[in-house]
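Got two chains here, separate frames each, mind docking them using the hints?
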Amino acid sequence: MTLAEQSFADQLEKGAAGVEWRPTGEPSFVCALRAAGRDTFLRTKLPTLKHEDWRYTSLAGLAAQHFGPAARALVPAADLPPAPRLVFVNGRFAPGATDLSGLPTGVRMGSLALALRERPAAVEPFMGQVATARDHAFGALNTGLFEDGALVELEDGVPCAVTLHLVFLTTASGALFAAHPRNLVVVGKGARATLVESYRGAGAYLVNAVTEMALGEGAQVEHDRVQEDGQQAFHLGLLQVSQGARSRFTGQSIALGGQLARVEARVLLGAEGAACDLHGLYVGGGKQVLDHLVYIDHASPRCVSREVFKGVLDGASRGVFAGRVHVREGAQKTDASQVNSNLLLSEDATVDTKPQLEILNDDVKCSHGGTVGQIREDQLFYLRSRGVSEALARAMLTWAFASDMVQRVGPEELRVRVRRAVTGRLANGELLREVA
Amino acid sequence: MLSIQGLKASVAERDILHGLDLEVRAGEVHAIMGPNGSGKSTLAGVLAGRETYAVTAGKVTFEGEDLLALTPEKRAVRGVFLAFQYPVEIPGVGNMYFLRTAFNALRRARGEEELDAMDFLALARERMKLVKMDPSFANRSVNEGFSGGEKKRNEILQMAVLEPKLAILDEVDSGLDIDALRVVADGVNALRSPERAMIVVTHYQRLLDYIRPDHVHVMANGRIVTSGGPELALELEKRGYGWIEKEPPARPAAVEARP
Ligand SMILES: Nc1ncnc2c1ncn2[C@@H]1O[C@H](COP(=O)(O)OP(=O)(O)OP(=O)(O)O)[C@@H](O)[C@H]1O
Ligand SMILES: [Mg+2]
Chain A
1 MTLAEQSFAD
11 QLEKGAAGVE
21 WRPTGEPSFV
31 CALRAAGRDT
41 FLRTKLPTLK
51 HEDWRYTSLA
61 GLAAQHFGPA
71 ARALVPAADL
81 PPAPRLVFVN
91 GRFAPGATDL
101 SGLPTGVRMG
111 SLALALRERP
121 AAVEPFMGQV
131 ATARDHAFGA
141 LNTGLFEDGA
151 LVELEDGVPC
161 AVTLHLVFLT
171 TASGALFAAH
181 PRNLVVVGKG
191 ARATLVESYR
201 GAGAYLVNAV
211 TEMALGEGAQ
221 VEHDRVQEDG
231 QQAFHLGLLQ
241 VSQGARSRFT
251 GQSIALGGQL
261 ARVEARVLLG
271 AEGAACDLHG
281 LYVGGGKQVL
291 DHLVYIDHAS
301 PRCVSREVFK
311 GVLDGASRGV
321 FAGRVHVREG
331 AQKTDASQVN
341 SNLLLSEDAT
351 VDTKPQLEIL
361 NDDVKCSHGG
371 TVGQIREDQL
381 FYLRSRGVSE
391 ALARAMLTWA
401 FASDMVQRVG
411 PEELRVRVRR
421 AVTGRLANGE
431 LLREVA
Chain B
1 MLSIQGLKAS
11 VAERDILHGL
21 DLEVRAGEVH
31 AIMGPNGSGK
41 STLAGVLAGR
51 ETYAVTAGKV
61 TFEGEDLLAL
71 TPEKRAVRGV
81 FLAFQYPVEI
91 PGVGNMYFLR
101 TAFNALRRAR
111 GEEELDAMDF
121 LALARERMKL
131 VKMDPSFANR
141 SVNEGFSGGE
151 KKRNEILQMA
161 VLEPKLAILD
171 EVDSGLDIDA
181 LRVVADGVNA
191 LRSPERAMIV
201 VTHYQRLLDY
211 IRPDHVHVMA
221 NGRIVTSGGP
231 ELALELEKRG
241 YGWIEKEPPA
251 RPAAVEARP
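As given, the protein sequences belong to chains A and B, one line each in that order.
Read in order, the letters of the first sequence correspond to residues 1 to 436 in the working numbering.
Read in order, the letters of the second sequence correspond to residues 1 to 259 in the working numbering.
One chain only, chain B, in its complex shape (with noise of 0.2 Å):
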């Protein structure tokens, strides 16, 4: 489904990712750990297409066609979507107007009918009580004054109701209480199927007890630099990233064994 080939971007002038390899097959879910300022969310934010970040090199399809080559738009409605690290206030555009107006542009974009106001509110009620959502929050400006659990929760909500091919989730389990944690790790398992891939950016083992995921890479400076299956997440957790630079880490066969 998504096949990343030694991809190098810059940020400020300044290299960020530095030969990055990732293959992910419609089905998996793919943990990246790695230690702060390794590059995840640089690497979440060029798989989305944001501007910011220059690519200078490497390659990246996703279902055969150049993912690099979209505009951000483009790859949401090919099917890719990004849970924010840091979702973005946007005050005077509504929550609920925003949700219908992208879920209706998707559905535009594919030539597939829009729905109207009504219909759209009835499936949006519906999958906000998947994430458990207040209603209220339908008619406030998209994460404007939510708490940071809150903005997690609209991340998953509109995950659910555009349903991606592709979901990158950066550190969806940040700042959430435990209750939190459960409702969102729900919502994603929701989610799961045959058809759909996931990336999950997390510090923590804790999201990997709720969503299991097939294989595990660890990132640092800027590459992948060991993967394994869950095992290594509690390795991880156990050890801590310094045993990662000493002993020098497996080819992570799993995911590079591929051409």
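In isolation and in its complexed conformation, chain A is listed as follows (with noise of 0.2 Å):
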């Protein structure tokens, strides 16, 4: 462990122990979680380099900053979206900022520490047992230390045409500090609901987040993944799944914001028959580097997994693509594809793309691929042979490259959102005024 990399951990640890929230009366499990996660966190420190998940991405720059506990905010004036929602401010609950009408019968949200309050007996099947990837540092320290987070839940058979809404803000405010907010989404046989994380910010700060979702048998969840954090900040996000026999979970992971951004999902494909799809699209500039980690555990027959991971990257920035798939041996009939493909807009900016696949039965079909590729000379050309001007023609081919990805979004007023969001983010994007 470097010195500074102690300083990380201490700051935590202190931070930590100093604020009221310090659990006293928390459910005997939830005290035992945290006391596992912490001892976890100091056993594996922030990841080097040398791990094996880590490999592409330097933590040094987090591991030099000292990040205090969060500050007390008020509800910044963001555009919130539409009800039902739960809004956290700086990983606290923001009751006044939140707005649950409209929420169907057989659908529950709340925070998730009134919950461990109230009615700990409905938490305690589910949390720590879908986030369950050993010595992951990250989501450990998370366990360690969350405060508050959104607790989610659908009656078996419920079909939720609402779209809810989480909401994460992050103030910025004299002294880095770092929030920690952890859900837990669970979702009933058969149940359908389409859920939105949003991240937002501005500032230089840490988000640690960590979602578990359980999915009972049958259960249908499109889940959208928008992260539009501060400029100077750290993301980490960790998204696991837990799948029943024949659900179906599609995910959108929109990452745009953060000095370094990582986002991990991890989906357990545990029972037969499900199936995942799983989209990305990173946009960065800047000096941005922006990470994901998809990882797929095939550990029952039948079961299907979809990635289409796409990055736009410019200036000096860096995209980072992991995809690992893991087909158990009992995972007979497991058909599993990965593409990763990348635009880059520049000289100086770079991507790791590395699919990883351990196959270990002979009944699969598996496939990955990607590209890394440029603006084609060959089409720039022809837009600017037409009469359009050459910031104009490059920001059409970006939006070309990536606006599959965005189309994806149901929601229809989050999709307009990021789309405007994600064109803001195009050198030349103001002149997309018709796509936006």
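Calculated from the structure, these hints are not laboratory results.
Among the hints, erroneous ones may be present.
Restraint ranges, calculated between C-beta atoms of paired labels, are given here [said to hold, decoys possible]:
id: 1; chain 1: A; residue 1: Gly424; chain 2: B; residue 2: Pro135; range: 52 to 62 Å
id: 2; chain 1: A; residue 1: Glu390; chain 2: B; residue 2: Arg107; range: 52 to 62 Å
id: 3; chain 1: B; residue 1: Gly37; chain 2: A; residue 2: Thr371; range: 29 to 39 Å
id: 4; chain 1: B; residue 1: Lys59; chain 2: A; residue 2: Gly286; range: 41 to 51 Å
id: 5; chain 1: B; residue 1: Val11; chain 2: A; residue 2: Asp348; range: 25 to 35 Å
id: 6; chain 1: B; residue 1: Asp214; chain 2: A; residue 2: Ser367; range: 52 to 62 Å
id: 7; chain 1: A; residue 1: Thr371; chain 2: B; residue 2: Lys59; range: 34 to 44 Å
id: 8; chain 1: B; residue 1: Asp214; chain 2: A; residue 2: Thr371; range: 41 to 51 Å
id: 9; chain 1: A; residue 1: Ser367; chain 2: B; residue 2: Glu235; range: 51 to 61 Å
id: 10; chain 1: A; residue 1: Leu74; chain 2: B; residue 2: Arg107; range: 40 to 50 Å
id: 11; chain 1: B; residue 1: Gly19; chain 2: A; residue 2: Gln356; range: 19 to 29 Å
id: 12; chain 1: B; residue 1: Ala12; chain 2: A; residue 2: Asp135; range: 49 to 59 Å
Derived coverage of chain B by chain A (criterion: at least 3 residues anywhere in the stretch with Cβ under 8 Å from a Cβ of chain A; other residues may be distant) [said to hold, decoys possible]:
id: 13; segment: 30 to 38
id: 14; segment: 42 to 56
id: 15; segment: 145 to 158
id: 16; segment: 188 to 196
id: 17; segment: 219 to 232
As the structure is a prediction and not an experimental result, all values here were calculated from the model.
Idealized CB from N, CA, C, for every residue including glycine.
Here's what the structure looks like:
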């Protein structure tokens, strides 16, 4: 452990120890989880480039910082999504900004910390049972230090037609701080839901979020994760999904903000016939590092996984994509495919893309592919020869590359927002008036 | 309108055009023929401003302005249009959005009022009828998955919408069935006017039956080696290109006579 790393861990430890929310009277299973989390983090420490999962993304910039506990803050005037929505500010529940109107019967949504006080029995069977990645430093850190987050529960068979929004706002103020939102989503058998996690903020801070999601048999979930944290922020997100038989999970990860942002999606296809369809788009500029790690655990027969991730990288930004597919011995008739395509818009932009397939039986269909390319000269010339300025032509071609990922965002108002946010980040994106 | 003098150009360190001269006046249609690899598409690309070609000598003026100093998009604004021999597929860019963007970019650059989506759609629909293009092509990505003939029609549609002053048509007839050839030719003829000029690159007399040229030029080895009237195309059709090399060509009088 280097000195810098020590200071990071120390700060977190001290910060956590000093604040008033320090668990008093938490249920014993939570105390046990927290203790295990802290122990794990103090043992694993901050991962270095030697760590298998962190080979391409250095945490040195993060390790050098000193983070305190999250500051108290008022709800910033952000344009909030429609109800029903849960809003958290700096990792704390913000009841004033939360609006649960229109929540259908059979769907519950609220503060996890509150639920731990009022009805821990509802949480105990799931919490820490989905996010089971061993020695996962940031997952462990989150477990040790989380203050609050969302608890979303859908009863069996509930077809929830409204979009459920979870919003995590972070407002930097003076000293650097870390927030560790912790979410639990439990979707009953045959239930259907569309769930959006939005991370927004401005300034420098660390968000270290964990979302655990358990899908019952035949459940169907669309999950959109939109990360628009501040350009100086560190964003670490772990989405861990456990799927029941014949359940369907569709996930989109849009990564736009942060100086360093890592999203990990870990999906356990734990029962027969489950399917997941994961998409992602990262749009980097400046010196941003935008990193995705996707791990799909094909643990049962006849499961399907699809991954399509795209990156647009400008300036001196860097994209990282690691796609792991683990097909276990008993997982016959596995069907897995993975594609990662990248568009580099500048000489200094880079990408590391790495498929990793570990296949332990013969009866599988697995494919992976990907590209790293630039704007094509012939396409650029074709547009320019028709009178389109070079700037607009480049923006059009960049948008053409990325737009199908944006189109996949289901909820209309969110799609419009994402479209604006993505085009807003492209060089000369403001010229794309008609699409945005 | 267009004056090319002593044009030399190279691509990837290889000289392709070896001193080419051509004068095109408003209202004229010039056909350029010549064997494969003689440099016809290179000439077309140089005129449209493709940066992969390096101009190493010569001058090109368009309506008195130095054309070679302009970016491709500025050339389009001045009224130069190239129908590509191989139209480019652009997945993810809608055909109608592309057309409207180009149309309005030209209007804006010329200080004219832009058309909104509704008005433009009306205009585009009318022009699509002209080239007998199915309306469903409006919603597809530019040239993506279009058949060879459909791509050529799409080039002519773009020309009909953008209404250039100088249209350079690089083998618009290749890959067209007989009906499509007629449609494309009708589209081109509908645009003929005393203010416009056209350079029609083709290998076949067939197209020139529909689009009557005022002048026919033969290119070989990066130069225009002979020029004449429409009858020259007929003779080429009968005799091929071999005789031109054997009988040194007459100076292309009609074309190079002026200073
Ligand atoms: N990018 C390039 N790199 C190398 N050589 C090229 C390139 N582009 C063109 N050339 C060469 O330049 C020469 C002229 O090509 P061009 O396409 O202008 O011929 P063309 O007269 O249009 O032929 P065709 O009738 O077959 O269309 C050819 O020998 C071709 O191979
Ligand atoms: Mg050619």
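Okay, the hints, checked on the actual structure:
1. Checked against the given bound of 52 to 62 Å, the beta carbons of Gly424 of chain A and Pro135 of chain B, roughly 33 Å apart, lie outside it.
2. For the pair Glu390 of chain A and Arg107 of chain B, the supplied restraint of 52 to 62 Å is violated, since their beta-carbon distance comes to about 18 Å.
3. About 31 Å separates the C-beta atoms of Gly37 of chain B and Thr371 of chain A, a value consistent with the hinted range of 29 to 39 Å.
4. Taking 41 to 51 Å as the suggested C-beta distance range, the pair Lys59 of chain B and Gly286 of chain A conforms, at roughly 44 Å.
5. Between Val11 of chain B and Asp348 of chain A, the C-beta spacing of about 28 Å keeps the proposed range 25 to 35 Å intact.
6. Between Asp214 of chain B and Ser367 of chain A the Cβ separation comes to about 57 Å, which falls inside the hinted range of 52 to 62 Å.
7. Taken as a hint, the range 34 to 44 Å holds for the pair Thr371 of chain A and Lys59 of chain B, whose Cβ atoms sit roughly 42 Å apart.
8. One distance hint, 41 to 51 Å for the beta-carbon pair Asp214 of chain B and Thr371 of chain A, holds here, with the actual separation near 48 Å.
9. At roughly 57 Å, the beta carbons of Ser367 of chain A and Glu235 of chain B sit within the given window of 51 to 61 Å.
10. Evaluation of the 40 to 50 Å hint for Leu74 of chain A and Arg107 of chain B yields a pass: the beta carbon distance comes to about 48 Å.
11. Remark: the range hint 19 to 29 Å for Gly19 of chain B to Gln356 of chain A is contradicted by a beta-carbon distance near 58 Å.
12. Ala12 of chain B and Asp135 of chain A have their C-beta atoms about 54 Å apart, which keeps the hinted 49 to 59 Å range intact.
13. With 0 residues carrying a beta carbon less than 8 Å from a beta carbon of chain A, the segment 30 to 38 of chain B misses the three-residue requirement, and the given coverage is violated.
14. Beta-carbon proximity to chain A at under 8 Å applies to 5 residues in the segment 42 to 56 of chain B; the threshold of 3 is reached and the given coverage holds.
15. For the segment 145 to 158 of chain B, the stated coverage by chain A is violated: 1 residues have a C-beta nearer than 8 Å to a C-beta of that chain, whereas at least 3 were required.
16. Here's how the segment 188 to 196 of chain B fares: 0 of its residues keep a CB closer than 8 Å to some CB of chain A, so the rule of at least three is not met and the hint is violated.
17. Coverage of the segment 219 to 232 of chain B by chain A is violated [criterion: at least 3 residues with CB-CB distance below 8 Å; count 0].
Consistency with the previously given hints fails for numbers 1, 2, 11, 13, 15, 16, 17, ordered from lowest to highest.
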